[in-house]
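So the sequences go chain by chain: A and B.
Quick note: the first sequence uses my numbering, first residue 9, plus one each step.
Quick note: the second sequence uses my numbering, first residue 70, plus one each step.
If you are wondering where the hints come from, they were derived from the structure by calculation, not from laboratory data.
It cannot be assumed that every hint is accurate.
What the hints assert, rightly or not - Here are the simulated DSS-like pairs of lysine-lysine, each with C-alpha atoms no more than 30 angstroms apart in a straight line:
id, chain 1, residue 1, chain 2, residue 2
1, A, 70, B, 154
2, A, 673, A, 686
3, A, 681, A, 695
4, A, 489, A, 681
5, B, 161, A, 33
6, A, 676, A, 553
7, A, 69, B, 154
8, A, 33, A, 69
9, B, 135, A, 70
10, A, 671, A, 688
11, A, 33, B, 154
12, B, 116, A, 33
13, B, 116, B, 135
14, A, 10, A, 33
15, A, 676, A, 686
16, A, 681, A, 694
17, A, 671, A, 695
18, A, 489, A, 553
19, B, 154, B, 116
20, B, 116, A, 69
21, A, 11, A, 70
Owing to the predicted nature of the structure, the values given are computational and were not obtained by experimental measurement.
Now for the letters of each chain:
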Amino acid sequence: MKKVININFQGRVIPIEESAYDILKQYVESLRRFFANEEGRDEIINDIEGRIAELFGESLKKGSTCITDDDVNHIIASMGRPEDFEDEEGKVQSQLGGEEKQSRTSYQYEPANDAPRGRLYRDDNDKILGGVCGGLASYLRIDPTIVRLVFALISFAAGGGILLYILLWIILPSKPLSNTSTTKRLYRNPDEKVVAGVASGIASYFDIAIWVPRLIFALPLVTGILTSIVRKTFWFDDDFFPGFVFGSFGGTLFVVYVVLWAVIPEAKSASEKLEMRGEKVDLNTIKNTIQEDLEGFKSRAEKWGGEFKDKAQQFGHEFGQTVNQKTQQFGKEAGYVAHSGGNRLLRAIGIMFKAFFLFIAGVIAFALLVALLALMAAGIGVFPLKNFFLEGFWQNFLAWSTLLLFLGVPVIAFITWVIRRIMGVRSGNKYIGFTFAGLWVMGLISAGILAASIAQNFDARARDKQDYSIVQPSHGKLIVKVPESKVKVYGRFFKMDGILSMTDDSLFLNNVRLHLVKSTDSTFHVNAYKYSHGSDESNAVNNVKEINYGINQDDSVLLLDRGFSLQRGTKFRNQSVTVTIQVPVGKRIVITGSVNRRLNYFHINSRNGDWDFDDDWNNNWENWSSDVEYVMTAGGLERVKKEQVSEDENNDGNNSEKDAIEKYKKSKEDLKKEYDKKQKEAEDLKKELEKPLDTTRYHYQKSVSYIENTDPAKFQANGRKNNNEELDLSSEGPAALMIMQMI
Amino acid sequence: MSGSAKTPVMDIQNTQSQMRKGVLEFCILSIIRQGEVYPSDLVERMKSANLHILEGTLYPLLTRLKNAGLLTYRWVESNSGPPRKYFVMTDKGLEFYSELERTWQELADAVHALTRPASDNTSDENPTQP
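Use the sequences and the hints to build the structure in full.
This is the structure in structure tokens:
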């Protein structure tokens, strides 16, 4: 099945297969190149095209519905390809009398190395920036791609390449060079391919055995796979795939191969294959190339010179008029020189600007690339965690496709784009773009699905309360500490909130908060609330049950675990533990610095007894200081003053207990005083309100009252001061306490 | 690669084709001299005389000869394609041809005299022998 198109060829409509049309187009193009420097080029091409059209007509007359590949190939064979009549042509030309022909024949016996080359120009026809590389390549008769890669390498390695480039850009004159002078181009070889023909193409470019590049590409891959397998079997390494894809060396070459695959065009047509292998290096081809170059150079140089002269004269004229009219002739000359200099300078500045902007663009592009790579690295870094996040095959699959497609594809696409830009691949294959876009969209979709399904796993939430029975501290003072955990913390390359460390089969979470509340009775109580999410209620409950959080006590020292570990099989579902310590009124508590340091959060709440998780967590946590003794009062936790602390150290526990009680009584008196004061204020306000409304004067003044005792902890209890109920409740505190003391 | 040029390798095919190509233009002109001719017919006639030339090579040659004023052409309508170019020789071309013919004759005689020993001149291989 082939597509047939109609073309207007030599004034006739010809139905032709699309592939045949491509062949024909390429053939005519090759003729055009071959006769590039022939005087009557257009006429010759026209004659040949006319003959082809005639042959087409004959073929159609015979009854065929359209022109096929075979027809075209047959006609081309009878007409002859440029390669075929290259040598004939040379000799036919040599017959055409005149001294020029004499010199031509003499070229035949001159080695190409001694033959004069064209001057070094910047190539206007084949350029990315200024055509420096193209010009160099055509001067050296090698593939511009190679020169560009070398330049890029020098630039990356030392930065000198950029300077050199700009220098050459300014120094070298530009001129359109014909591309025919390159004898060899880098193509992928479709005839001898294993994957995409990259290796064989490279081999034929550098004239080396095919197995050399193949081995270079394949060896790291193979060893990578092998070591992965070995690792997997002997060390039970979990991630098999990254082993060979992302293994440093093999991975690099893997990426290089993919990039080259995308960048290097495939040698499809016969002439491209010829280009790939390089033209037959016989005398005639060399001679021909030189002839073409020399002839082309002459006319082009003349043309270019003429143009330049015109331009310069024009400017010189202006210059001459303004500067010196009398010596116009001289001015013209001067203007010519001055302007050509000035022009250069302007051009140089222009080039600098262009280079500068390209540099900025490059930096941005590079930053984007780095960001992408970082994202990918982060993705790979988080990957060991996947066992704790992901459930089932599909989530794993989605995670992989997200990593490879959503993050990996842009990286490869970007690198490809850069290298294609460097190599100046002319006809960009649009399918590459579509493929990349398609793959990326797939990655995006899988990322979305993955996110949704993970989110779904966090749908439900469960809570469980575990009470820890503790022995009441002998001195009425509880010291809370978090000892150094036994778990070694490693893998600091990424840090995730709440995750302390991880190994292959356990994840250590330190999602632990500490919460201080006022005890409802006269004893310390410690309990832990465990939370977890899950895909549903029962799942969440199960997850909660898996949490194993330990609290130990050593007399008055309460040792809290630094975290809890999830064993393999348990998924990470945002498990957390909140340790609540209920401090009875009058008792003291010290939170050591280790708590602050080693637990994730810690909060103080002066409320009574039980609390709910949606309690207001907004506490005076800024006012809190570690390693300081606090005492629970009816109004909340209060800081034990420095003197008292030192006293406490001298006195025995009972004394400090009494102090606390006295202090508590005092605070109660304070509260009563404050209550009276507030009542008085309220009465004042009432009076104020009862007064007739006076719009002319505004004389209400808010009276602000302060409590005499300005303990910082008091502020915590703000707003609860007039809470009678609380007062009543707490009044039971000391009584019970005294009873306890008696016992 | 081009080092081979320093010590020219004389391969037989190359020499043969050079000899053949040398007389190519002369042959083409002689055909055109006999009358108006269409290039592909010209190729056919040469082929029948066992002198092969690619059409792709012929067109540039004809164009060059035409530009040199040795040939001229006229358009002839064709029912199987675009109008055809029929080439015909100019007076200048005729002059040029007779010059070439004389040269050829001299050359042929010389070659004949040199390649055939006096004893063996019964051969009639040389077609230009009167």
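Please list, smallest to largest, the hint numbers that this structure does not respect. 4, 5, 6, 9 and 17
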